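Protein chains in written order, with the numbering used here: chain A, 1 to 244; chain B, 1 to 109.
Read the hints as simulated data drawn from the structure, not as lab findings.
Careful, some of the hints might be misleading.
Claimed, not checked - What follows is a set of in silico ranges between Cβ atoms, one per label pair, in the way DEER data are often shown:
(1) GLY233/A - TRP10/B: 53 to 61 Å
(2) ALA14/B - LEU159/A: 21 to 29 Å
(3) ILE92/B - MET232/A: 29 to 37 Å
(4) LEU159/A - TRP62/B: 26 to 34 Å
(5) THR127/A - LEU75/B: 32 to 40 Å
(6) PRO72/B - TRP103/A: 48 to 56 Å
Small disclaimer: the values here were computed from a predicted structure and weren't measured.
Ideal Cβ placement from N, Cα and C applies to all residues, glycine included.
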Amino acid sequence: MTPDTTTRTAFWRGARDCGPFLFVAGPFGMLFGVVGTEAGLNIAEVMGFSVVIIAGASQFAALQLMSEQAPTVIVLLSAIAVNLRMAMYSASLAPHVGGAPLWQRALIGYMNVDQTYAVSVLKYEATPQMTLSERVAYFFGTCLPIVPIWYAATLVGALLGQSIPTEWGLEFAVPVTFIAMIAPALRTPAHIAAAGASIILALAFAGLPYNLGLMPAGIGAMIVGAEVERRMGRSFTQPPGAPK
Amino acid sequence: MTGWSAGEIWFIIAALGLATYVIRFSFLGLIGDRALPEWLLRHLRYTPVAILPALVTPLVVWPATADGALSPPHLAGAVAAMGIGYWRKSPIWAVVAGMGAFLVVRAVM
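Could you put the whole structure together from the sequences, leaning on the hints where they help?
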């Protein structure tokens, strides 16, 4: 196959692998549109949140605090704290797609969200023989069922506004998506140890305000996973280009 | 939105959008394909399984709709999604099982 066909195949494979999350990005985006409109934002402002920020959990966090008339600095800091995990996504993607041209990395940065990141990085680890252009195409493929759907669903939610009952079970859409990403990724004892530590630490730090417990819990769990891997004496998955 | 002018709302959107973009682009932009030390890569491998459970746990244990109490539908949905997702190694079946358990338990309560 020519490089052109293999990248096209990788793109559609990414779109297909990320496809299930369409059923989460859709309802979740719609929910933001509904809740944002009910909170008193106009359609342009609701769309501004989804297009400019494009990070559901922090959008809801900001909206919640704005409704509570929190000071601007608190709104910003707590919503940013929710997104700090994405710095680790960025670092974790760098060994796989860091060799791409700047404009591609700039676009990947914009669309580097939980679902596209998790689906892509798990694929890269499982398939180390992918070429750089296949990896980039695969990432853009994973964005297809997420990014346009996120915009469109927000708009639909904002237009429907208060006519949608919020009793549809949409509140469970967020946790269930994340669990659906985690469970199949628990491939080794080290992954299971990291996830277990993450849950325990999240419960232990739950008292901290503004979601600040997320970072210490996440970093602690990464240390547990890495330490279990080191003690078991082998690298479970060696990313391409990693030093031996 | 009461208490917020259009200017303040757009300031929050722009500031939050810029900060979020800088966070997401950070390492991809600065490091490119320069090699990272092995100890760091070993930690980064666990990023998804370390961060996502910490994000989910409070949403399941203290859901906003339950006013701080444990919610059986949320717990049942989480256990079902985790169990089926781990067993079938499939995100879609995890969502179906989790959503199904959540809705069934909520309906019978």
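Structure-based check of all given hints:
Roughly 54 Å separates the CB atoms of GLY233/A and TRP10/B, a value that falls within the hinted 53 to 61 Å. For ALA14/B paired with LEU159/A, a C-beta distance near 24 Å keeps the hint of 21 to 29 Å intact. The supplied range of 29 to 37 Å is met by ILE92/B and MET232/A, whose beta-carbon atoms lie about 31 Å from each other. Range check, LEU159/A to TRP62/B: about 32 Å between beta-carbon atoms, so the 26 to 34 Å window is met.
Between THR127/A and LEU75/B the beta carbon distance is about 35 Å. The supplied range of 32 to 40 Å therefore holds. As the Cβ distance of PRO72/B to TRP103/A is approximately 49 Å, the hint placing it in 48 to 56 Å holds.
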